[in-house]
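Novice: Protein chains in written order, with UniProt numbering: chain B, 1 to 436; chain F, 1 to 392.
No lab work stands behind these hints: they were computed from the structure.
Treat the numbers as computed from the prediction; the structure is a model and nothing was measured.
Treat the hints with care, since some could be wrong.
Pairs of lysine to any residue residues, derived as SDA-like cross-links and limited to a Cα-Cα distance of at most 20 Å, are as follows [what the hints assert, rightly or not]:
id: 1; chain 1: F; residue 1: K358; chain 2: B; residue 2: R268
id: 2; chain 1: B; residue 1: K161; chain 2: F; residue 2: E379
id: 3; chain 1: F; residue 1: K282; chain 2: B; residue 2: G303
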Amino acid sequence: MPMYTGGQVLDLETAVKDGILGGGGGGGVICDDVTTPNLGKLDLKKMIEQLDSIEVPSVFICPISLEPMQDPVTLCTGQTYERSNILKWLSLGHFTCPTTMQELWDDSLTPNSTLNHLIHTWFSQKYLAMKKRSQDVQGRSLELLEVLKTVKGQTRVNTLKELRKMVTTHESARKTVAENGGVSFVSSLLGPFTSHSVGSEAIAILVNLQLNSDSITNLLQPTKISLMVDVLNEGSLETKIDCVKLMGILFAASDIVPSLSLLVGVLRLVKDKRHPHGILAGLRLLKIISTQESLGNSIISIGGVPQLVEMLPHFNSESLELCLYVLKVLSSIPHGALALKNCSNLIPNLVKLLMKTSENCTKFALSILLEVCKLSPEESAATAVNAGLAAKLLLVIQSGCNPELKQLSSELLKLCSQNCRASIFISKCKLTRTLQ
Amino acid sequence: MLDTVVQNMGLLCCRQKRGNQATTEENDKAAEIERRIEQETKAEKHIQKLLLLGAGESGKSTIFKQIKLLFQTGFDERELQSYTSVIHANVYQTIKILHDGAKELALSEAGSSKYELSVDNKEIGDKLSEIGGRLDYPRLTEELVQDILKLWRDPAIQETYARGNELQVPDCADYFMENLQRLSEENYIPTKEDVLHARVRTTGVVEIQFSPVGENKKSGEVYRLYDVGGQRNERRKWIHLFDGVTAVIFCAAISEYDQTLFEDENKNRIMETKELFEWVLKQKCFEKTSFMLFLNKFDIFEKKVAKVPLNVCEWFKDYQPVSTGKQEVEHAYEFVKKKFEELYYQNVTCDHQDRVFKIYRTTALDQKLVKKTFKLVDETLRRRNLFEAGLL
Numbered sequence: 001m002p003m004y005t006g007g008q009v010l011d012l013e014t015a016v017k018d019g020i021l022g023g024g025g026g027g028g029v030i031c032d033d034v035t036t037p038n039l040g041k042l043d044l045k046k047m048i049e050q051l052d053s054i055e056v057p058s059v060f061i062c063p064i065s066l067e068p069m070q071d072p073v074t075l076c077t078g079q080t081y082e083r084s085n086i087l088k089w090l091s092l093g094h095f096t097c098p099t100t101m102q103e104l105w106d107d108s109l110t111p112n113s114t115l116n117h118l119i120h121t122w123f124s125q126k127y128l129a130m131k132k133r134s135q136d137v138q139g140r141s142l143e144l145l146e147v148l149k150t151v152k153g154q155t156r157v158n159t160l161k162e163l164r165k166m167v168t169t170h171e172s173a174r175k176t177v178a179e180n181g182g183v184s185f186v187s188s189l190l191g192p193f194t195s196h197s198v199g200s201e202a203i204a205i206l207v208n209l210q211l212n213s214d215s216i217t218n219l220l221q222p223t224k225i226s227l228m229v230d231v232l233n234e235g236s237l238e239t240k241i242d243c244v245k246l247m248g249i250l251f252a253a254s255d256i257v258p259s260l261s262l263l264v265g266v267l268r269l270v271k272d273k274r275h276p277h278g279i280l281a282g283l284r285l286l287k288i289i290s291t292q293e294s295l296g297n298s299i300i301s302i303g304g305v306p307q308l309v310e311m312l313p314h315f316n317s318e319s320l321e322l323c324l325y326v327l328k329v330l331s332s333i334p335h336g337a338l339a340l341k342n343c344s345n346l347i348p349n350l351v352k353l354l355m356k357t358s359e360n361c362t363k364f365a366l367s368i369l370l371e372v373c374k375l376s377p378e379e380s381a382a383t384a385v386n387a388g389l390a391a392k393l394l395l396v397i398q399s400g401c402n403p404e405l406k407q408l409s410s411e412l413l414k415l416c417s418q419n420c421r422a423s424i425f426i427s428k429c430k431l432t433r434t435l436q
Numbered sequence: 001m002l003d004t005v006v007q008n009m010g011l012l013c014c015r016q017k018r019g020n021q022a023t024t025e026e027n028d029k030a031a032e033i034e035r036r037i038e039q040e041t042k043a044e045k046h047i048q049k050l051l052l053l054g055a056g057e058s059g060k061s062t063i064f065k066q067i068k069l070l071f072q073t074g075f076d077e078r079e080l081q082s083y084t085s086v087i088h089a090n091v092y093q094t095i096k097i098l099h100d101g102a103k104e105l106a107l108s109e110a111g112s113s114k115y116e117l118s119v120d121n122k123e124i125g126d127k128l129s130e131i132g133g134r135l136d137y138p139r140l141t142e143e144l145v146q147d148i149l150k151l152w153r154d155p156a157i158q159e160t161y162a163r164g165n166e167l168q169v170p171d172c173a174d175y176f177m178e179n180l181q182r183l184s185e186e187n188y189i190p191t192k193e194d195v196l197h198a199r200v201r202t203t204g205v206v207e208i209q210f211s212p213v214g215e216n217k218k219s220g221e222v223y224r225l226y227d228v229g230g231q232r233n234e235r236r237k238w239i240h241l242f243d244g245v246t247a248v249i250f251c252a253a254i255s256e257y258d259q260t261l262f263e264d265e266n267k268n269r270i271m272e273t274k275e276l277f278e279w280v281l282k283q284k285c286f287e288k289t290s291f292m293l294f295l296n297k298f299d300i301f302e303k304k305v306a307k308v309p310l311n312v313c314e315w316f317k318d319y320q321p322v323s324t325g326k327q328e329v330e331h332a333y334e335f336v337k338k339k340f341e342e343l344y345y346q347n348v349t350c351d352h353q354d355r356v357f358k359i360y361r362t363t364a365l366d367q368k369l370v371k372k373t374f375k376l377v378d379e380t381l382r383r384r385n386l387f388e389a390g391l392l
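Isolated chain B, as found in the complex:
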């Protein structure tokens, strides 16, 4: 049946078959609703939902809701809308055609069966293609998993690479692998003699899969963790991020003590100014393991504190909050506070950050400052005041922020005023009236 669409004559089958309505890969299947029994049963609504990321041809879209039409009706002006939408329009008292603005001489709504048929066909085609692709993915993933059990060497590495690509792009692949013992099998590939190529691919796969507590316990074995640390230290940026993410999952579920090599590797990632993604991933892991008691001493022993303090001005806001959190935890242990105090640029960096980004950042920064100043009141207070702390503190107190912050600020203010000569203090405040 010929149809006018933008001045071109086309028939139904051609339109769908040759993909004139857009979308290309229709899979060559010409769907005749009547003869293909399954399709009749396919609910259009469901299909539209499942294909929501696909680009739908504009002629299928209702001009009112901008959604695909499931029950298209045509007005006397010849414009087609979704039935429920145009009814709503008319019920609001409008008696015009929404797109042409013409007054309606006829209130009848004619079901546009041609368009309906076209929409159904097009969506069914896309849906079937998607299902097939998904099955292909599932089938292929299963195949790869089986192959992995038998091959070694470079073949193994290549198979792992392909599996990794599948798992990172397709949800169905992830499910298939997880449901077929993929997690435990890939975990078993990690050991003391695993080569870097195998290790990095295996880790990249595991980080995309759901890990239950048994898998986690299995992966927490010292030899496997050692391997992850080695891969972290030697790998590319993507590999480093994968390792750090996986270890984040594992460490969150246990109280294993992170090794020095791990911390050195994470710090190296965090210091790499060229790659903010890496920095963020590394800091996330640091935050997770910062609950560990011994972590503080470990970080200090590898000289991590000055490195983190030095990076403070270079972090974006999310990274900054994570780093400040970690430093705050460190400041609460005596060695940590000492190490922080020994960083000459700590106080100026922190003062600059107050009230700059988020409330949390300010809160953590204040806590750190408090701990450090408590350690050596005179010296630190002087440095802080010189860096402009007093004015900032007054700003915090006067602002509408969390009472916790105000509490911290007043404590700090007290400490500073007690340890600074009044005149200097007042002059640095620049708000003498407020003080008085």
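Given chain B, put chain F in place with the hints provided.
Specialist: Same frame as chain B, now just chain F:
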């Protein structure tokens, strides 16, 4: 007169011409030599220098032998045979140490008769001790073998062996005593296993050049491995080898935590290894060198941990056992590994931040294990090269 002058001048010119010809030849030769030197220097640059360091008896030479077996043509019959005298020497030395040790212990523990040899074995003991003290050892005859076995099986000797850590009993004692019959046969040719167990104190420096063949059969990496003596007096020779080293393979025998040095009976071996490792780490020439730490003799460590607690060594005094059996062995190993890791990072400065440092668990006598371990070392070094060339 002018004639003469002209004639003489002519002669002079001729002589000079001949002189020039001579120097051109010399120049050619010199140029050739220069070119050769340049070529060889270029070739040398591609050769990666690996240094085996560690205290005495840490397993360096065994690793060296393993590499020879794995990546070179191994030992030919002549080389194997050359080890016969070494092995026999080991046997005599061992039994002498045990016999003399038993006597010492008997004296120091005058009350007990644990270390008193049975009457029949006393004579044998003295005879063997005398043989062991000679510079030249006699062939192992059937008679001698019987004597040695009788003595070895004497309860006093076994008791002494149990306290072998206080004496300088070599690790190969067990192995050779068990195989004694075979070692004494007429046509005995040492097996690879025997050669690996044989103990000779290395003196000076030994080197081999090899290329590890990967699965793809193409490698390109050429390694030159240097083995050195580990005892204190040998270490002054090490410094000559320290330049341009790609990687240091530092061997530490973790089973020695209850033993003292051969050259100083008052020094615990692990403490010596600890100090030596620190010293090596601080060397300026190793700023960019990769460090592979081989925690060796795991097989002996495994068995010892169950009987001798780690805390007997001062460095490990804060060790707390958590379980038993295999789990405990793993726990103990992780503890030791952590100690070495801490030691490494304590001796690292900002200049060393990028240096590769990896720890491997090894049993140098196990060829498969050494092969797997070396594969990993090779991979790490290759990746490191790519990284340094900016290709990673």
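Novice: Indicate, hint by hint, whether the structure satisfies it.
Specialist: Do the hints match the structure? See the list:
1. K358/F with R268/B: The hint holds at about 16 Å.
2. K161/B with E379/F: 19 Å, holds
3. K282/F with G303/B: Holds, at roughly 17 Å.
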